[in-house]
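Protein chains in written order, with the working numbering: chain A, 18 to 135; chain B, -11 to 97.
No lab work stands behind these hints, which were simulated from the structure alone.
All residues carry an ideal CB built from backbone N, CA and C; glycine is no exception.
Wrong hints could be hidden among the right ones.
What the hints assert, rightly or not - Negatives, chain B to chain A, calculated, CB over 10 Å:
#1 ASP(-5)
#2 THR12
#3 ARG54
#4 LEU62
#5 MET94
Claimed, not checked - Derived pair list, reagent style BS3-like, types lysine-lysine, alpha-carbon separation capped at 25 Å:
#6 A:LYS72 / B:LYS67
#7 B:LYS30 / A:LYS37
#8 B:LYS67 / B:LYS30
#9 B:LYS96 / B:LYS30
#10 B:LYS67 / B:LYS33
#11 A:LYS37 / A:LYS83
#12 A:LYS31 / A:LYS83
#13 A:LYS58 / A:LYS83
#14 A:LYS72 / A:LYS58
#15 B:LYS30 / A:LYS31
#16 A:LYS31 / A:LYS81
#17 A:LYS58 / B:LYS(-10)
#18 B:LYS(-10) / B:LYS30
#19 A:LYS31 / B:LYS33
#20 A:LYS81 / A:LYS37
#21 B:LYS33 / B:LYS(-10)
#22 A:LYS58 / B:LYS96
#23 B:LYS67 / B:LYS96
#24 A:LYS72 / A:LYS37
#25 A:LYS58 / B:LYS67
#26 B:LYS67 / B:LYS(-10)
#27 B:LYS(-10) / A:LYS81
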Amino acid sequence: GAVVSQHPSWVICKSGTSVKIECRSLDFQATTMFWYRQFPKQSLMLMATSNEGSKATYEQGVEKDKFLINHASLTLSTLTVTSAHPEDSSFYICSASLPQLFSNQPQHFGDGTRLSIL
Amino acid sequence: RKEVEQDPGPFNVPEGATVAFNCTYSNSASQSFFWYRQDCRKEPKLLMSVYSSGNEDGRFTAQLNRASQYISLLIRDSKLSDSATYLCVAHNAGNMLTFGGGTRLMVKP
Chain A
18 GAVVSQHPSW
28 VICKSGTSVK
38 IECRSLDFQA
48 TTMFWYRQFP
58 KQSLMLMATS
68 NEGSKATYEQ
78 GVEKDKFLIN
88 HASLTLSTLT
98 VTSAHPEDSS
108 FYICSASLPQ
118 LFSNQPQHFG
128 DGTRLSIL
Chain B
-11 RKEVEQDPGP
-1 FNVPEGATVA
9 FNCTYSNSAS
19 QSFFWYRQDC
29 RKEPKLLMSV
39 YSSGNEDGRF
49 TAQLNRASQY
59 ISLLIRDSKL
69 SDSATYLCVA
79 HNAGNMLTFG
89 GGTRLMVKP
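Just need the whole structure built from these sequences, with the hints factored in.
Next up, the structure:
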């Protein structure tokens, strides 16, 4: 069954709106979560690493004031796309690390959020 | 140069065919590797880990050559349901994953 839940799965909104995406770890505590973005026909690109109780680590070229990440609890990280514009339309996917003892893979992915800005 | 490189394809093959995908990586410190499968508009799902000794899971065989920094995936007896994008992934320090651009496979009747 799913170990990471992401919500919402699809968002359509007007330009200038801020959109919040939630990523929850189910039945385990995730001190580290990751946020990726995927444009059509391209691969997943890491945007930032979300650390519980501390500031997120952003990849080069990702604006931290535009993509606000909050990881206030061990089971929830949120990504807020502030004042979204059409060029922010993309597929956003979160993942969470599980201890290797409990998993055959280093990260488990949420279902993704398809964001469309009109 | 991208850290993980793949031929984007698409590979168009008939049902029952054998198809092979290749992947090269540039970070010799990468700890381990995986093949993920991604269907259109869905999240990536783990297909299999890749070991130097080679590993097989049913119709799928993966191989890692650390000396050449090369990874392969072989799919035998292709099914229509194998149509997807296959992502080569390197696992690095800090539990970070680096994804290749993906290889698109289309299996036709």
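Check the structure against each numbered hint from earlier and tell me which ones fail, lowest number first. Those not satisfied are hints 6, 14, 19 and 26.
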